[in-house]
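A.B. asks: Sequences and hints are given; from them, build the entire structure.
Number of protein chains: 2
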Amino acid sequence: MTANSFKKYKIFISVLLTGFICLFLIAAGSLQAESPSGTTEQISNLPPMMPVPAKIEPVEGSFRLDEKFSVGGQAKPTSRAFKAVGRFMSRLAGHAGIFLEQDFLADQSLKTSTKFIYKFERVGQLEPDEDESYHLEITPEKVKLQSKTDLGLLRGLETLLQLLSVDSQGYYFPCLIIQDQPRFTWRGLLIDSCRHFMPLEVIKRNLLAMASVKLNVLHWHLSEDQGFRVESKTFPRLHQLGSDGMYYSQEQIKEIIQFASDLGIRVMPEFDIPGHSTSWLVGYPEYASAPGPYRIERKFGVFHPAFNPANPKVYDFFDKFFREMASLFPDPYLHIGGDEVEAVHWKENPQVQAFMKKHHLSDYQALQAYFNQEILKILTRYRKKMVGWDEIYQPGLPKDIVIHSWRGPQALVDGARKGYQGILSNGYYIDLCETAERHYLNDPIPPGSLLTPEEKKLILGGEATMWAELVSPETVDSRIWPRTAAIAERLWSPQEVRDVDDMYERLKVISVQLEETGVQHLKNQQMLLRRLISPAGSDLLKIGTLKAPFTIDKLEALQRLAAICEPVKGYARHNQGRTYTSLAPLTRFVDACFPESLEAREFRKIVKNYIEARQPETARKIINYLAGLYIIVPRIETVSEQIPSLKEIRPLADDLIHLSFIALYTLQLAEGGEKISNSWIETQKVMIQEIKKPKAECLLAITPAVELLLESLSSPGGK
Amino acid sequence: MTANSFKKYKIFISVLLTGFICLFLIAAGSLQAESPSGTTEQISNLPPMMPVPAKIEPVEGSFRLDEKFSVGGQAKPTSRAFKAVGRFMSRLAGHAGIFLEQDFLADQSLKTSTKFIYKFERVGQLEPDEDESYHLEITPEKVKLQSKTDLGLLRGLETLLQLLSVDSQGYYFPCLIIQDQPRFTWRGLLIDSCRHFMPLEVIKRNLLAMASVKLNVLHWHLSEDQGFRVESKTFPRLHQLGSDGMYYSQEQIKEIIQFASDLGIRVMPEFDIPGHSTSWLVGYPEYASAPGPYRIERKFGVFHPAFNPANPKVYDFFDKFFREMASLFPDPYLHIGGDEVEAVHWKENPQVQAFMKKHHLSDYQALQAYFNQEILKILTRYRKKMVGWDEIYQPGLPKDIVIHSWRGPQALVDGARKGYQGILSNGYYIDLCETAERHYLNDPIPPGSLLTPEEKKLILGGEATMWAELVSPETVDSRIWPRTAAIAERLWSPQEVRDVDDMYERLKVISVQLEETGVQHLKNQQMLLRRLISPAGSDLLKIGTLKAPFTIDKLEALQRLAAICEPVKGYARHNQGRTYTSLAPLTRFVDACFPESLEAREFRKIVKNYIEARQPETARKIINYLAGLYIIVPRIETVSEQIPSLKEIRPLADDLIHLSFIALYTLQLAEGGEKISNSWIETQKVMIQEIKKPKAECLLAITPAVELLLESLSSPGGK
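Listed in order, the protein sequences are those of chains L and V. Per the numbering used here, the first sequence starts with residue 1, numbered consecutively. Per the numbering used here, the second sequence starts with residue 1, numbered consecutively.
Some hints could be false.
Cβ pair distances, simulated, as ranges [what the hints assert, rightly or not]:
hint	chain 1	residue 1	chain 2	residue 2	range
1	L	577	V	112	44 to 50 Å
2	V	347	L	67	55 to 61 Å
3	V	692	L	99	53 to 59 Å
4	L	340	V	233	56 to 62 Å
5	L	327	V	111	41 to 47 Å
6	V	347	L	327	53 to 59 Å
7	L	67	V	302	52 to 58 Å
8	V	399	L	99	21 to 27 Å
9	V	301	L	177	43 to 49 Å
10	V	398	L	245	30 to 36 Å
11	L	381	V	301	22 to 28 Å
Which bits of chain L does chain V cover? Going by a derived footprint, with three or more residues having C-beta under 8 Å, they are [as the list claims (entries may be wrong)]:
hint	stretch
12	92-104
13	158-167
14	199-208
15	348-355
Keep in mind that the hints were calculated from the coordinates and are not lab data. C-beta: ideal position from N, C-alpha, C; glycine also.
C.D. replies: Rendered as structure tokens:
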């Protein structure tokens, strides 16, 4: 498209929009007309829950909440249950803005006046297969929560909080009976603290968020080429030279383990060996396969440094190291990584070559298998069960190891057939910025699986993986949440719960509720955008700036654009012309965008509705929406001129103009009953392919919907 | 006003506004007309700095920033300076979205190609009177930062970051020479972790924010009636029974001290005795003046429990206690509180009465003086200098104590005349929700003070005090920032720097920059409002909801209302019909409002402009603005019907209608040259007095401006 034709388009759209705006304004009286009584909705049904409980039996009636609401149970003041109930009461008060009279932090003894009664039989163990079930019964008079373990209590409290409902009379719990238990016993989130260090508070707030959707394993990725993140008293050069000073002290590790335990969450550490290990070798090059010296890796990818499996001292080193870590981390499992070992240094090392010959190790896989067997002996000595990525699998391993699949569900199935336990992460790579839908429908045991019930039992669950190449403490939450809540539901709720639209409806509300835990997935977007425009001075800032009605300021314009943009998918951000390192800024427009644009999803739905039913009302909805987007363009143009780091988003604004044009013109013709020439359609399709190319490392997420609209015209059903 | 007349008003305004909106719409073409080139501003002058440096000498030219920007100095890798420079480089990269080539976390050695050279003579001591000066020189080729101590380096780095500028060519530092040093040596922020416990991350992010505006003392209020917040190994029942499990372990205390030290910030603990001490006595009732038992106090105020100064074992207790704390906290100063001692239990205790007689202590002040003298001996033994609130002052105290004035500046002056050091907090009580202006103009040594230079030197500085009765970890940042930045400037910059309008202009930008430290003063507002509306289901949420242009959704409406509301001032929130306790929710509308509405301040400015010059253009600005506010009213009405905890804000919406009516009607008459009857004016004045009354614990902050407008009509200058 030439500059000239581009200008013509712009004028065309202006005219088009002016018409629409006039029409819109005539209807503007509706603003005045909306009366409160007219829009008061009777909230029927149950409020959104996630994960959906296994069995819900609604009953007539409701339990009304007031200041007298009180709790009682048999928990001891410092116990997990007592603390959890105290937190529950605080959160409840916070949700409802209610001044509860009971001093629930000091006293939870049972009285006849107690409204909310909890009961459990014993303290739960933080191990797979522990009972997490609970039974919740709400009548107009009482709320009763019963469970085998205090872990069940914790899970039930989260459900109860999600059940808080509201009507014009006030807050209440709907009457019902819930019997709930998880489908899978291993429901995890991997946090990579290595590619980018994640301070303690990032871990804590994400643990709270995990607990709120009933996840129960923090898989903590603690060593990588880019950093060794745990204080080691046995080998202090590990953290001293391998972390740039960014590591967790053992006291802090203990603090996190206690914090997680209070939330009923296991903490499983991962120390990735023998590859992915550059940072270890900075302080201990003598255990490497090549002479060194080593430096902490700043780039991302798969690198050559690896431990030397032919060096017997390496096993002494790991014996001492895992002895220390086994006592630091109480979890029965320890993850040794084992993925993506590059054999380059092994190939070049004569000692390794000789060793392989001597031990009849025919290839590097066999060599790694030898290494793993040695590590397994060490872990067994310190009473840890071994977990590792797909690559660790080899015949002859004991049956209590766990295979963690990043490659695909088939590995799990194969493993289960041979009697091995497995957990799934393939399909749960939340760092790839895919849709919640994609993760949600990804089942550790896909429907129609041919496994026997015994084999199925071996598939313990799954883990969302938050790899941290492209996230900072400021952005990591928005990559984890809310999508991980959908994964949590997949792992907890019955297999049949898989209505995608329903999931998204609930996800919107759960996303807001998650903020209570401190996760910053929603609120940091505006912050990042504010920072981007702040160097241009106070006139660009929203705070304290008077605003006339019906105007859009620059921050709002950026937010509107961000709401329909997504970061490029998969690993594509590494191929957009910039080399990311662990020192690179993650503060640009793309970092402020959410992995999935829920707005674009909604738009697509409306477009599909229009294509199916051709209601003029739906057409108007689409037009209105696009007009609302169009008005941000001049603002985007301005900021992209003013702020050098926003220059890159200008093409997104241009694309937005084109898309609006295509959609509006298409609609106008369709509504007017006019025929559109095929050649015009073909030209626009070419344009859409251009628009689909990433700009500023982003994709305009409304593009596929416009493409659909365009295609509907040339399809047999089109006019 | 009757319901009927109210309805009439509403209709009237509707008509009025419809007219304005039509006018506005005719001008709506301007939206299209705005071209980027037309609005590109040449950013002249220096970017906003806070605190303003002591001496700035601008020079022609600029230092352009690019990927090659590199830093070099003589700091050792693990030192305070090295870490601070590494942080600086990360932040710089983040601000500019620039991919720096240097591995500044691994290597800061000086090379000939080094662009940014830093140099300091020695490591600074964290003590008052330490040198914090720095000399910054920016030429087109190099940036040079020199200082006596590494503390000076830290202060200079913050200035340099604030100097980052932008034009259409990219990012740059303006050429200049700055010679800077603080006016006062003691520039503090008190954080009360007792009334509400503040988790570690709250302290950390606020330390980062403090450092960014060159504050250098964290005064950590660690014991109160409502909680004892430090692990004591000597007297474990203090934290075990006095904190509800919410305390800092000694490891965490050390972590904070190290964190603060890296930022050049002292950490001075306060243990408030002999009053304000209920939580101590829960575990150790034997040291109280009344028999007990004691419970952690939930309410706020001044309470009876107090240590027993007649019991010799009390001094043994404090000897051991302060020995432990003196070694935990390295700061040379220790604050013993000493404020607001209630003598009720002393009066009732025969042992105390006998003791007073025996020691010829004529009143309870004398008794407390005796107590303080004993505590002073203990602190001296453990090499701590004593700090206390006004009440501790008494003749005969050694001259190295520090008097901390909460009562007023006169106490400081009196103290200084007698040779005592002092710090000011009166006028810096940021919990009272007063304006930044009020705090900014509050000077520890007021202009025109008659003190001699030697006496002036005894006034060490001041501290903002964040008392935590009415703040939670979610809201505390918005009570501290950005107003505390204005206090920081008062304490650092030359006395002559006191242009209030200029300060506010800079404050807006600094407020956004502060977000980089993690403080949540801006971003939590939207979060709190989202949570308030979330129980009503997904249709009320903004995320993923398609939005037509020129519409305001419910969240936006709440935000617009919050932007012009302020919490009631002073201690008034305690008298609004609810009894606040440490268990009460701080999640309501009032908690989402900022202590000072910058928008209302701007509106007042515009109204004043109009009153002075009577420009129709200014009138239009006011009308536009009020129209923008008016359209939120129906939305506010709706949410206040739907959400029980928002019912209380309905009267604010009603007041907004009245205010708009008064202002618009007044303007219309004024512009039309019509005379207004005095009786009408008087009626409206009565109405404004009604509007000024708090609703939902809030004040509508635009009210005084409308009052001014109305008064201007009846004043001699009015028509």
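A.B. asks: It remains to establish, for every hint, whether it holds in the given structure.
C.D. replies: Hint check results:
no.: 1; hint: L:577 - V:112: 44 to 50 Å; verdict: violated (30 Å)
no.: 2; hint: V:347 - L:67: 55 to 61 Å; verdict: violated (35 Å)
no.: 3; hint: V:692 - L:99: 53 to 59 Å; verdict: violated (26 Å)
no.: 4; hint: L:340 - V:233: 56 to 62 Å; verdict: violated (47 Å)
no.: 5; hint: L:327 - V:111: 41 to 47 Å; verdict: holds (45 Å)
no.: 6; hint: V:347 - L:327: 53 to 59 Å; verdict: holds (56 Å)
no.: 7; hint: L:67 - V:302: 52 to 58 Å; verdict: violated (26 Å)
no.: 8; hint: V:399 - L:99: 21 to 27 Å; verdict: violated (49 Å)
no.: 9; hint: V:301 - L:177: 43 to 49 Å; verdict: holds (45 Å)
no.: 10; hint: V:398 - L:245: 30 to 36 Å; verdict: violated (41 Å)
no.: 11; hint: L:381 - V:301: 22 to 28 Å; verdict: violated (60 Å)
no.: 12; hint: 92-104; verdict: holds (count 10)
no.: 13; hint: 158-167; verdict: holds (count 3)
no.: 14; hint: 199-208; verdict: holds (count 4)
no.: 15; hint: 348-355; verdict: violated (count 0)
The earlier numbered hints that this structure contradicts are 1, 2, 3, 4, 7, 8, 10, 11, 15.
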